[in-house]
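Chemist: Listed here are the chains, written in short residue letters.
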Amino acid sequence: MSKYYLSYLEELESEAIFVLREVWAQFQNPVILFSGGKDSIVVAHLAKKAFYPAKIPFSLMHVDTGHNFSETIKFRDDLVNEYGANLIVGSVQQAIDDGRVSEERGKNATRNELQITTLLDAIEHNKVDCAIGGGRRDEEKSRAKERFFSHRDEFGQWDPKNQRPELWNIFNGNHFQGEHFRVFPISNWTEMDVWNYIAKENIKIPSLYFAHEREVVWKNDSWIPNSEYLILDEHDKIELKKVRFRTLGDITITGGIESDADTVEKIALEVAAMRKTERGNRTDDKRSESSMEDRKRQGYF
Amino acid sequence: MTIDKNQLLRFTTAGSVDDGKSTLIGRLLYDSKSIFEDQLDAIETTSKRRGHEGVDLALFTDGLRDEREQGITIDVAYRYFTTPKRKFIIADTPGHIQYTRNMVTGASTANAAIILIDARHGVIEQTKRHSFIASLLQIPHIIVCINKMDLVDYKEARFNEIMADYEEIASKMLIKDVRYIPISALNGDNVVNKSQNMDWYHGAPLLHVLETLHISSDINKIDGRFPVQTVIRPQNEAHRDYRGYAGRIASGIFKPGQEIVVLPSGFTSVIKSIDTFSGNVQEAFAPMSVVITLEDDIDVSRGDLIAKKNNMPEVSQDIDLMLCWFNNLPAKPRAKYKIQHTSNEQKAMIKEVVYKVNIDTYERDKVDKELTMNAICRVKIRTTKPLMIDSYRTNRTTGSIILIDDATNETVAAGMIV
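Going down the list, the protein sequences come from chains A and B.
Per UniProt numbering, residue 1 is the first one in the first sequence, and the count goes up by one each step.
Per UniProt numbering, residue 1 is the first one in the second sequence, and the count goes up by one each step.
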């Protein structure tokens, strides 16, 4: 075989770098939406590679639900330091205190939906015209239809039926004042690709991804970590289990799986054998058949 | 691990509800273990709620609420699966004529196209349409899957008949590599595993063909083209005078020491280094993203193109295109649009529509030449400044453009340079 070809991971990396450079060239004030999860860590890593030897030209924006794993916040701050990047925090707690939003009520109340307002406020307040995210098309069915460059109107809303056609690698980021774009450089990656890339590039990730002992409660078919924010009812039983997390989000809704995988290589093997999607452990996606699409229309990540 | 070597293959499928496209994709995903239990559970629940018998795999490929409710595919959906040999990206597109633009979109990045033919019906209008789009978008490999062979008793004669009909279509178009596979997506014949019902077929099943298609040679390694995306200037202690040009190689092979020309200015220089985060490289080829530095301090910025000095693209303001119109609003005569070509953005005016193509009969209409939604027309445009172009046939990157309406910022058309 010819030596002039790229492996698929190299090709995906090159595609993502191309997209990140397009963002830098086409927008005035782009930011990376940084959750501390593996996908946004990979996006930040790709941005570092895209602009080397210059430093990463994007601010990192974190939408903080106030219900965090403490490990995630420490990881975020360390990474911001290492990259010498600017950090913008949009606080859901602040939005609640200011009366912009109110907490959901009921047994399965979460702050998931409240993030939308905080995110859109932070975008508007910081005059962000492009928010780069780690969304992937393999995550969820409505995301399978997402563009690399995804337009949001002045209310931050997505109109999935009226998306701009996206051909070849020509990205149309033209927009009017007040509108913004969401850009997804790793659209074409799968969960497996992300893990293989983390292993290949030796990328640091939060310890939560590795198997560890933790107090958990069995809720909605997964192990929800016990925390000061979790509302327990009389049937809930706190147990000590060896778990790891496939995704990292708000601590009250991110379910862990029982696992012994304590290295990236073991995780990659485990993921390859998985029979459930990673969002299968996210309570927020289980509310209805189109809950992700509904949230995305309103401006969700 | 083999992931270090495995290639990526992007293929497109087009089809409507009845021709088994969803079943075929469902089978590829299911047999390669790319459908997860919770996804199956969700589809099962929905199938039951709708009163369908069994699991309706089409629900898996249709992502938006409207699509699921109406039971049709509207937009392009991207699906992924991996085998020990390759990673695959499927651009799953609708097949109906009113979604031509979505088929064009899905075809634009594909290395291969699967054309599905129902063995009972043979070559129909839709077959011709999909083939035309595959040829227009220069998809290098076409795999014709003659489906529902179980419904024609797995007869070789029927397969041969359809193959002969298709050969006639292929001969009218620029399709280089066509293969034929008799399948039954529903029963799994010749999809992942070789069929027990068709001993007369000596070829490989579909998945094997997808895994072994020779795609390395599809990349243009001759014409050195490097559209500059942005300029990297670190302005830090370690790299005070560093000035690098970032971009992705569109075609050809670049090496340090090569003489290059920067277009449109025409300044010449020599490549000093080709840099990546992991260090300098001695060779770079498509589709690598790199940073190129030059020996001379010349003016280079976004929109410029670096080419090899002895092999330059055409530099022109008058361009002939095959244009596919995407917008509800038809093009106004002599209207001006933004034109995006690689990293270059200019203005363009549609000077003349030469003819419109009927994509079902391939006839050229010189009377009705209106650029309406989904129309595919041969046009002449003029740009405000020269573009550095190649024909789409030789270069998918420097041979393609999009048009953007200033009033709405929408992408209204895609063009392939003739």
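It is possible that part of the hints are untrue.
Said to hold, decoys possible - Quick list of simulated restraints, FRET-style, between CB atoms: (1) A:Q177 / B:S171: 18 to 28 Å; (2) A:N29 / B:E370: 50 to 60 Å; (3) B:K369 / A:A273: 52 to 62 Å; (4) B:M373 / A:D294: 20 to 30 Å; (5) A:Q177 / B:V315: 30 to 40 Å; (6) A:H125 / B:N328: 27 to 37 Å; (7) B:A238 / A:H125: 48 to 58 Å; (8) A:D294 / B:K33: 22 to 32 Å; (9) B:T384 / A:F155: 57 to 67 Å; (10) A:R100 / B:D365: 54 to 64 Å.
No lab work stands behind these hints, which were simulated from the structure alone.
Predicted, not measured: the structure shown is a model, and the values here were computed from it.
A virtual CB, placed ideally from N, CA and C, is assigned to each residue, including glycine.
Chemist: Against this structure, judge whether each hint is valid.
Modeler: Hints, one by one, checked against the model:
1. A:Q177 / B:S171: 18 to 28 Å: The hint (18 to 28 Å, Cβ to Cβ) is violated, given that A:Q177 and B:S171 are roughly 53 Å apart.
2. A:N29 / B:E370: 50 to 60 Å: violated (41 Å)
3. B:K369 / A:A273: 52 to 62 Å: holds (57 Å)
4. B:M373 / A:D294: 20 to 30 Å: holds (28 Å)
5. A:Q177 / B:V315: 30 to 40 Å: For A:Q177 and B:V315 the Cβ distance comes to about 35 Å; the hint holds.
6. A:H125 / B:N328: 27 to 37 Å: holds (35 Å)
7. B:A238 / A:H125: 48 to 58 Å: violated (35 Å)
8. A:D294 / B:K33: 22 to 32 Å: This hint holds: roughly 30 Å between Cβ atoms.
9. B:T384 / A:F155: 57 to 67 Å: At roughly 34 Å between Cβ atoms, A:F155 and B:T384 fall outside 57 to 67 Å, so the hint is violated.
10. A:R100 / B:D365: 54 to 64 Å: holds (57 Å)
Figure legend: structure checked against the earlier numbered hints; hints not met, in rising order: 1, 2, 7 and 9.
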